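These are the residues of each chain, in order.
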Amino acid sequence: MKVSRRDFLKLAGLSTVGAVACNIFPDREFQEQSPLRIPEDMVTGVDNWYATTARGGIETEGLVIRVMEGRAKKVEGNPLFPTNQGAHSMRSEALLQELYHPDRIPSPMRRVGARGSGQWEPITWDDALNTLRDRLSGVSNRNQMLMVTNSMRGSMANLAQSFAQAYGGRSAALDLMHETVAAQVVRDLFGQDRMPVFDIRNSEYVLSFGADFLATWGSPIQFSKGYGHFRQGEGRSRGTLVHVDPRFSLTAANADQWVPIRPGHEGRLALSIAHVIISEGLGSAAAVNAMTGGNRNVLEAYAPERISHELNIPLIHGKSPVDMIKEIAHDLASHGPRSIAIGGGSAGAHTNGYFNLAAIYALNFLVGSVGQQGGVILNPPAPTPEFGAFLNPTTVRDWQGIRNDIAGGAVRLVMVRGADPVHSLAALDFAGAINRDDVFVVSFATVPNDTSHMADLILPERAALEDWGSDVPNIGPGFQVVGIQQPVVNPLPEYDPMGFGDVLLRMAAELGIANKAPLNHVTFADVLKDHARGLQALNRGSVRNASFDAFWNRLLQQGGWWDEGSRGAAPPAAPRLADIVAMARDAVISGPTGGNTFNLLAFPHISLTDGRGANLPWLQSTPDPITSVAWTTWVELNTDTADLLDLKEGDYVNIEGPNGRSFTARVYHHPAAPKDMISVPMGQGHRNAGQYAAGRGANVLEILGLPVEERTGALAWSSTRVRLTPAGRNDSIPKFEGIVPAFQLSEHEAIVKVTNEG
Amino acid sequence: MASHHKWGMVVDIDRCTGCQACVMACQAENNIAVNEEVHFLSRRAHQWIRIDRYWDGDTKEKGVVTWPDVKARFIPVLCQHCENAPCEPVCPVYATYHNNQGLNVQVYNRCIGTRYCANNCPYQVRFFNFRDPLWPKSLWNHLNPDVTIRSRGIMEKCTFCIQRIRRAERVVEGQRGEQLDDAKLKAGNWMPACVNACPTDTLIFGDLNDPNSQVSRKSQDPRHYKLLEELGTDPNVVYLKKVDPQHAQHA
Chain A
1361 MKVSRRDFLK LAGLSTVGAV ACNIFPDREF QEQSPLRIPE DMVTGVDNWY
1411 ATTARGGIET EGLVIRVMEG RAKKVEGNPL FPTNQGAHSM RSEALLQELY
1461 HPDRIPSPMR RVGARGSGQW EPITWDDALN TLRDRLSGVS NRNQMLMVTN
1511 SMRGSMANLA QSFAQAYGGR SAALDLMHET VAAQVVRDLF GQDRMPVFDI
1561 RNSEYVLSFG ADFLATWGSP IQFSKGYGHF RQGEGRSRGT LVHVDPRFSL
1611 TAANADQWVP IRPGHEGRLA LSIAHVIISE GLGSAAAVNA MTGGNRNVLE
1661 AYAPERISHE LNIPLIHGKS PVDMIKEIAH DLASHGPRSI AIGGGSAGAH
1711 TNGYFNLAAI YALNFLVGSV GQQGGVILNP PAPTPEFGAF LNPTTVRDWQ
1761 GIRNDIAGGA VRLVMVRGAD PVHSLAALDF AGAINRDDVF VVSFATVPND
1811 TSHMADLILP ERAALEDWGS DVPNIGPGFQ VVGIQQPVVN PLPEYDPMGF
1861 GDVLLRMAAE LGIANKAPLN HVTFADVLKD HARGLQALNR GSVRNASFDA
1911 FWNRLLQQGG WWDEGSRGAA PPAAPRLADI VAMARDAVIS GPTGGNTFNL
1961 LAFPHISLTD GRGANLPWLQ STPDPITSVA WTTWVELNTD TADLLDLKEG
2011 DYVNIEGPNG RSFTARVYHH PAAPKDMISV PMGQGHRNAG QYAAGRGANV
2061 LEILGLPVEE RTGALAWSST RVRLTPAGRN DSIPKFEGIV PAFQLSEHEA
2111 IVKVTNEG
Chain B
18 MASHHKWGMV VDIDRCTGCQ ACVMACQAEN NIAVNEEVHF LSRRAHQWIR
68 IDRYWDGDTK EKGVVTWPDV KARFIPVLCQ HCENAPCEPV CPVYATYHNN
118 QGLNVQVYNR CIGTRYCANN CPYQVRFFNF RDPLWPKSLW NHLNPDVTIR
168 SRGIMEKCTF CIQRIRRAER VVEGQRGEQL DDAKLKAGNW MPACVNACPT
218 DTLIFGDLND PNSQVSRKSQ DPRHYKLLEE LGTDPNVVYL KKVDPQHAQH
268 A
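The listed protein sequences derive, respectively, from chains A and B. Here the first sequence stands for residues 1361 to 2118, where the numbers follow our numbering. Here the second sequence stands for residues 18 to 268, where the numbers follow our numbering.
Since the hints were derived computationally from the structure, they do not count as laboratory data. All of these numbers come straight from a predicted model, not from anything done at the bench. Yeah, the Cβ is synthetic: ideal placement off N, Cα and C, and Gly gets one too. Treat the hints with care, as some may be off.
To be verified - Which bits of chain A does chain B cover? Going by a derived footprint, with three or more residues having C-beta under 8 Å, they are: (1) 1445 to 1454; (2) 1576 to 1590; (3) 2023 to 2035.
Looking at chain B on its own, in the form it has when it is part of the complex (with noise of 0.2 Å):
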């Protein structure tokens, strides 16, 4: 396995305005279940990248910010791959461990659905397969091959579309026995889904340990920060901080 590359993304939350083009992209290049309605309603809807939206404003007694000085804040929430995940010393059977290209993986045919490691997520990024996933059978035509299908007592998780990164390393270097780069994984395909869709070119994804990688430039920037950062698990996914003029007077 090539062991030089570190995959990481960086999220600038300026630019998100929330649409959900990412989400529906992972749904689709993941075969994840559709969400129907009683998921929902049972909180077990399945996305592997989210959007969470946060109210932000003036606030009144009950702690609820009020109209019209209120403003709506996104995120986009995805597996941060932590270089000290919380959820992997915990799995007894190592369904999940870190490799050596900085992703935390999750093999599901080791997987004995034990949900320790959910329990330990601090990001809510893993989901447990409460059910078998249920298409009606033409929609199995739309299913992407390169990616498994996790049955009933799985775990699953975001896995930067750990499918599109083989394919780029096995053509790439193993084929054309050249170096990956951010071009190549552009003119592929092969960035994750999420980061192929994003309209606003939110989300970036590449190689950190390649100095010229627009991720590692970008992981620079003065507006970075991780999330939770204060619980040390060290994530390979970093965020820069929303810019709001009027912030300042209304913190």
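Pulled out of the complex, with its shape left as it was, chain A reads as follows (with noise of 0.2 Å):
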């Protein structure tokens, strides 16, 4: 047998340790060597965990990740992290997905074809860094670059935003998904920029209108670490949770109560509880007093009795609207301070958000809930200005604008970073604006998505796992808390990536801009080094040190720093409920009127959201978890109206918009969605973007007529009706459920035993 020099000092190796073994090593170690174990404990090797943070979809998680051999293996939820505190989403998990992703960009690309013909060359980075350069001192004036990203925030928002500043162009932040409506209303009645936190841990009852708070509104995990509590939490009795919202979100399915409304009557539905509250004498004095002005007639014409058939609440196991609305209020007055109003999604998506949002946030002050324990917590800003920097994003109306801009040559040169405006904005026709010869399109992308594939020049980008960065959760946990995100592997050999912060900053000294903070800084980790020396001097929250070394070790260990000893301001005076009123009017849902036409109600994915996770394989096989429907886009069909129209599970039907665009999608077969309403999830339709979202569902963004929320000029998305005409065609749903519907069985066979007994 020949021995190579390789294979004799492994030998030699394992018998030293096998003579070194038989002295120190306890007998349990040998009897888990036996060949009769599983083959599971036979690894060898050593793991490391690091720390880190990533907003792989919706908001930001502490994340600890598994690293063996210099590869990510595993990601779970940082214990310590104040607001996932250990758990975290299936989009976390997904990034390792992204990190070794198949159709990765292995190097800078420059088009050789046709714009949108996917013909690329590889590049240099130097050819790629000087061309970009080039075009960005080439332009004859500074405003005619338009820095399209995510809506960043912390050290990487500073960065982009200082860039777009010292380099006079434009920039846009792109996310469909932010509450730009529940922002604006937080800010007038709260006086607050950040999202307050409800205390869903601690309160009794909440309410919530249309924000799917368990799925993908605000802070799902951190918010479904406070319902866990909220229902079995030992010490404490079972919270109560009443959903209001025309669709049945998985918020809605968990609740106590389901409360179906017609959609942009969320605000009169408040209103209507309000008054009971006032009229009823339910609430606490002093807050009626200040919010009525001493008038308790001011929601008079919102008494249940007169409104209640406007609104299309359905009897619901025989009680009648108007009991309802009187339970809701007595309820919700009932638990005072612990008690939550909550708004959100489809409520303030309407062309009428901020009054329904405006309405409902004001019943926290009524029962005394604002700044309570059980009740809605105001954050604190950031620790510094740097972490706190946020790109907010770009509402659909300015959106318009700045793609007439583009389709009028008024911009040359287009950066696109951590967004996929050819997706987003398909409504739009992005494509189409930026499908000119005079426009030169830069994608920083990862993995290919539909912009990147009409780009000129593609730079690739680091994983979120293989760069730094910095964010202060949009919804905290009541107190400052700074995330900081570090590489937790190198990218691969094959891969060559480049930090976007450090392609700006590369840009920023070749341009000569770099005179200042943090753009005189040489790369993105040195940025985020200075703004922790910011932190450091606070000599505050959960790391301190004199030394910065010792300090950046500690934060970058632990993932972060808090701070729990920060509060938030103190509550704002209360709303006068008469400026809500004035503000009152009605949705205007726009669309195809006639036969066939439904209220079509889009709603975000609980793993795609809007479209971001599409190329994400275990994004794309995570079931819904109500239809159970992966890989696809699906229809959400009353089971009846189905029926009437003669629609099978399975059948195509065709979804015309008000835009006279259409899609087809498969019909689902769903017992509890409204009748009169049809749901389609968002996050399909993608053309270009890799293997495993390429040509796969529909884009029910594509056929929003784009109306607007008057007062912001965020997308409101739930303002549209469509016409539904069967396609002709059918072929099975893939879904996880079997092909007959499961139905929970008498209750001595049920697989899901209830009891009434809390």
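Combine the two chains into a complex, taking the hints into account.
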């Protein structure tokens, strides 16, 4: 037998270990090596865990990543991080697949064919960066540069903002999931730039309107953490959740009472509840006086008996809408400061969204829960302005202007990072706007997307687990938190990505605009360290150390910094109900009318959200919790309505929107869908976003008529009406549930046993 | 092998929202191949832990619940690690057996793929590999080195993340000479992947032989029941009933 030098060393090493082991290892070690043990035990090697943070889709989660031999193996929640407290979402789990995605862009690429032809040639980073620099310095007017990003926060937002300002270009942030309307209401009612946190954990009664906070709204993992305790926490009684929503969302499915309502009428219901509280003397007297100004008749028009017929609330378990409203008002008020009214999602996504949410959030003042444990707790601002930087998402109204500027030739250079406007702004035909010879499009991307497909230059970006960063959650835990993102692994040798921050810093240096912080740093890691010095100088919170190196190491080990002693401002004066009543108006729902028309309720997909997770196979294969459908777009149609229309599950239907565009998707029979509405998830319909997303399902955003919320200009994605016509073909729907619908059997045989005693 | 443990789980379905975090954590930890569209269509998707959704409510003549008096009920279902497991005696090669820690164990390199065990399991939690699992080469990088990849012809199922239990035993009991308990399992990230991920703390794992463990205490909750208890399988997974204040009026 030929023994190589390597084999010899291995054998020699083994025998040495064996000799030593005989003396020092306990007996158990030898038992564990027994061939009778199952093989899972046989791995050798040491794993390392690195803390980081990432915004995998909706809100920041503190994470710890298991790394073995230079490869990231598993994502877990960081138990220390105050928002997610050790739990994590499937969106964070899938960061591994972004890291090792088979479609990752290995090197910079230059377009060689026609725009959108998908023909590229690899180039060196020197070539790529020289091209970018020449384009940046070549525009005749700096205002012709447009930087499109996701709604970045923290150090990267600070850097991107500084770059755009120093350079003199425009920047726009794209995030259709952002609660622009809720943020404005919070600003006006609570006087806060950050969203408050709803202390569901300590609450006794939660009334939510449209906000699918257990799935995709706000900070779902943080809220879910609280929800578990709200339901069955030790040392407390079980909390009650009532969810008002036209659609049977995941939060509706988990509510003790789901209240279906006519879309756009959530604010009226909130005022009707307020009317009962005031007229029956249920709320805090001081708040009632302040909010009514002594005029107890201010909400007279909203008495349940007067407006319940407008709300289209059905008889539920034989209970009339009037009784339902009164019951909610009594329950909400009886729990006083430990009750919460949350509004968002579809309730804010109407042309009258601001009115709806203002009326909903005002309920918290009426019952005295603002600033109270178990109520609505205000979040303090970020500890330093650098970490507090936030690129506020551009509204759809403004996007329409930007789109026209591009199409009209006023923009010559478009840099896109972390966003996919060709997909998200399909209704605006963003692809058509940038399809001009005199527009140069640069895409920073890890994996191809519909926008990078249209680009002239693609710069491969570092994946989230390979990059630096920081983030201050928009919905913090009620005190200051900064999450720190660090590279947990190096990029694979076959990839040559560069961080977006590093590219900006290099461009700033080459363009001669790097004269002050943060642009005067060489790497983005230096920027982050510089910002961390600001935290160190505060000398408070979870990490404190006189030595910066020690402070920095601890910051990375812990995954961030937080100060439980910091608190939000005192609650402001309660709003006047007369002001809110004055804003009341009807939602304008645009679209086709007549036969076979339905209100369209588009909703963010639980794993793909608005489409940003569509290229990751784990997220594609996550069944929707209610329908169990995966990998495609479906149309939720009430079972009875489907029977009336003679539509079977899997029948393709054509959905035509107000702009005349349409898409085709398969019907899912849904017993809890309202009869005159259809619901369609966002997230699919990518054309060129890699092998897992391209050509799959339909993009519901494409057919919205782009109605906007009147006061904020945000996309009113609930205010659309569509026509449904059978497409005449049928195919099976990929779903996890069985072919025969699963219903609960008798209590004795039930799989899910139910009791009414908490 | 340490035999003083009896591993078990409590699933409080009143906390479960159906969010699927456990499902994805399990896929990642246990090298379960991506369930592609074709696998859903052919009903061969693998999920060692799954969320079943049942419709509940008033029914009309077809037995279908009617809007709006309809509720969705979620329940995570995984291998119940039965003490009297129907899957075990039917295996001709002893590929599945009950170990002395309460685990129903599957030995992949003994399995010859008769599928008798899946046939006999009333919980539908055993999965047969009708194909070799395929990942694009780059995704091999995130595969867990602690977990065997199951080839075509092999039956697989939830193991309670035995690789984590073994690591915990080796480190805490073998190396440190200490007793393994809830706190140490948590501190080392050795709870099963689904338990670690669960945002609502629906899933509680631990040693049923340890009277101080959370799982022991919770398994005595007045709401406790076992799935298909009448079959006498005696599962080591205990469920806590869903609470619905409206239930009595509408059962």
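For each hint, the structure was consulted:
{"no.": "1", "hint": "1445 to 1454", "verdict": "holds (count 7)"}
{"no.": "2", "hint": "1576 to 1590", "verdict": "holds (count 7)"}
{"no.": "3", "hint": "2023 to 2035", "verdict": "holds (count 5)"}
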